[in-house]
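> As you go down the protein sequences, you meet chains B and D in turn. Mapping of the first sequence onto my numbering: position 37 corresponds to residue 38, and the numbering continues sequentially without gaps. Mapping of the second sequence onto my numbering: position 61 corresponds to residue 460, and the numbering continues sequentially without gaps.
No lab work stands behind these hints, which were simulated from the structure alone. It is possible that part of the hints are untrue.
Claimed, not checked - Restricting the straight-line Cα-Cα distance to at most 20 Å, the calculated cross-link-like pairs of lysine to any residue (SDA-like) are:
(1) K107(B) - G566(D)
(2) K53(B) - I488(D)
(3) K107(B) - S491(D)
(4) K29(B) - E62(B)
(5) K53(B) - S491(D)
(6) K53(B) - P576(D)
(7) K53(B) - A585(D)
(8) K29(B) - A60(B)
(9) K53(B) - R486(D)
Please read these numbers as outputs of a predicted model, since none were measured by experiment.
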Amino acid sequence: MLRVGDVVTAYGQLEALKGVSVAAESGKITCLLGPNGAGKTTLMMTVTGLLKPKRGSIAFEGQELVGLSPSEIVARGVALVPENRLVFPDMSVRENLEAGAYLRRKPAEIAADLDRMFERFPRLKERAGQSAGTLSGGEQQMLAVARALMSRPRLLLMDEPSLGLAPLIVEEIFRIVAELNRDGTSIFLVEQNAHMALKVAHHFYLIEQGRVTFSGSPGQLAEDEVIQRAYLGSKRG
Amino acid sequence: MMIDFLQSLVDGVLVGTTYSLIGIGFTLIFGVMHKINLSYASASVGGAYCGLLLVGAAGGKSALLVFLMAAAAAGVIGYVVYLTCFRFIPASHPLGTLMSTVGMLLLIDEIVVHATFGVPVAYPPLYEGPSIELGELYIRPDYLMVFAVGIAAMTVLTLLLYRSRLGLATRAVSQQPVAAQLCGIALYRVNAATFVVTGVLGGIAGAMIGASVGMLSPLLVLPLTVKGLIVTVIGGLGSIPGAIVAGLMVGGFENVLQYYRGVTERDLYVMLLLFVFLVFRPGGLFAAKSERN
Ligand SMILES: Nc1ncnc2c1ncn2[C@@H]1O[C@H](COP(=O)(O)OP(=O)(O)OP(=O)(O)O)[C@@H](O)[C@H]1O
Ligand SMILES: [Mg+2]
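Generate the whole structure from the sequences, applying the supplied hints.
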């Protein structure tokens with residue numbers, strides 16, 4: 002469904018991605034694990050069009066995404082739950098969700114999806130009129146996920162949804178990830194929490210210093226080693 | 400004594416709506432671009448000139464037509480300012496757009512001076528009629544009209560911001576531009592639209608200033624720029640309610656001091672007011688709420 006081929010993305014002179022190739026299969030949960038600064042967020046920003054790669058291709062359902070604007074990419078069915086959630090702090094929960102549906106034009110369908118989000122995330126319903134900046138970290142993460150879903154993506158990208166959340170909330174987030182996937186959304190998940198990620202992933206990649214260093218299914222590498230490499234990187238110079 | 404004070408206060412507050420509009424313009428552009436557009440007041444006066452000159456050239460005399468034309472022309476100027484001073488200037492450069500907008504301020508000013516030979520031009524009042532008497536207080540009808548139009552413009556703007564798709568997009572961009580793009584909102588379009596909308600507001604303000612003073616002069620540009628910035632700072636950068644209240648406040652304050660201390664001294668006190676705010680309330684009237692994040 003998503004094929005990233007040999008992508009190089011640089012900030013000025015610094016190449017944060019040095020030729021990354023990964024793929025996400027339709028109907029599956031794919032995880033990308035790696036230590037701080039490995040380039041995970043850079044990859045998410047490149048796929049969603051916020052950063053332009055210097056080289057490489059990104060194909061979604063056979064169509065090239067490189068060169069498209071972020072809004073064109075959202076329109077094609079790829080949505081990102083960004084790192085640090087990035088909710089609109091002075092807008093109400095409801096307005097945040099409406100912003101997620103910005104490109105859609107059918108009010109009736111949007112209203113129906115809003116109800117579905119409130120059903121799936123009851124805590125958001127209780128706080129529908131409250132400004133998003135006053136929500137707790139966990140609630141903001143739910144809101145960021147729900148906002149991304151409001152664009153009706155076929156592929157949902159998630160950048161460290163467990164970041165800074167209490168273990169109980171992290172479990173809830175992963176339960177939601179599995180649920181969304183069961184309901185038919187393909188998911189590409191970036192994580193540092195290898196333990197939780199490996200429980201839901203069908204396939205995973207390790208990325209270190211801008212390069213993919215492992216690709217396989219969860220059983221293929223000892224969890225200890227994955228955790229070690231996801232947090233600290235392997236000890237290659 | 401008391402009545403004189405009240406009279407100048409009321410007059411000042413009524414005309415202060417024009418300052419409010421200019422303040423809102425500065426604030427809105429700052430909200431989405433995080434940059435100050437120094438050419439804004441100049442473009443607003445420029446728009447008011449355009450309205451007058453275009454309608455005059457077509458042989459028209461209607462004050463309403465002049466007014467509408469001023470708003471439309473200022474909207475166009477706003478778009479041109481966006482294209483020339485912001486769209487292609489790297490936002491990461493701290494002074495880039497500041498310099499380009501100073502350049503635009505001077506350019507518009509220069510064009511106006513050339514087009515009018517540096518001579519002030521008469522501006523038609525939007526409304527003429529008898530004064531309204533409230534006890535000993537006289538409410539000038541043209542001032543009242545300025546006030547009414549200003550309030551109407553603010554109401555329309557508020558509806559646009561809080562009840563329309565464009566408004567949602569504008570607020571999204573100003574609060575969290577990365578997330579806004581991820582929602583499919585095109586940054587450039589929202590930015591351009593903001594310049595057009597604030598341009599129209601400025602044109603309305605410019606025309607109302609012309610109408611209430613009875614004439615337009617290029618000399619209006621600099622004081623209006625300074626007042627607009629002061630209103631923006633007192634109201635709190637990025638706060639629309641702040642800009643509205645600060646505009647009325649500065650308008651009233653300035654007129655009262657003009658009455659007691661004369662026109663030459665008045666701006667001194669406005670600066671003093673700004674100073675007091677900068678020292679005691681640097682975040683402005685409605686200092687930003689603290690947020691969890
Ligand atoms: N805006 C930027 N300008 C310059 N360098 C950047 C920028 N953003 C990221 N980098 C650099 O690019 C590299 C990859 O960063 P990236 O944010 O993609 O890492 P990450 O894997 O998401 O890390 P984390 O787990 O901490 O979120 C890092 O070395 C980082 O310092
Ligand atoms: Mg990251």
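> Please go over all the hints and tell whether each is borne out by the structure.
Now for the hints, and whether the structure bears them out:
1. K107(B) - G566(D): The given pair, whose Cα atoms are some 18 Å apart, holds under the 20 Å limit.
2. K53(B) - I488(D): The given pair, whose Cα atoms are some 19 Å apart, holds under the 20 Å limit.
3. K107(B) - S491(D): violated (38 Å)
4. K29(B) - E62(B): Since the Cα atoms of K29(B) and E62(B) sit roughly 14 Å apart, the hinted pair holds (cutoff 20 Å).
5. K53(B) - S491(D): holds (17 Å)
6. K53(B) - P576(D): Given that 20 Å is the threshold and the Cα spacing comes to 17 Å, the pair holds.
7. K53(B) - A585(D): holds (16 Å)
8. K29(B) - A60(B): The hint holds at about 17 Å.
9. K53(B) - R486(D): With a Cα-Cα distance of about 18 Å, the restraint between K53(B) and R486(D) holds, given a limit of 20 Å.
This entry does not satisfy hint 3, going by the numbered hints stated previously; all others are met.
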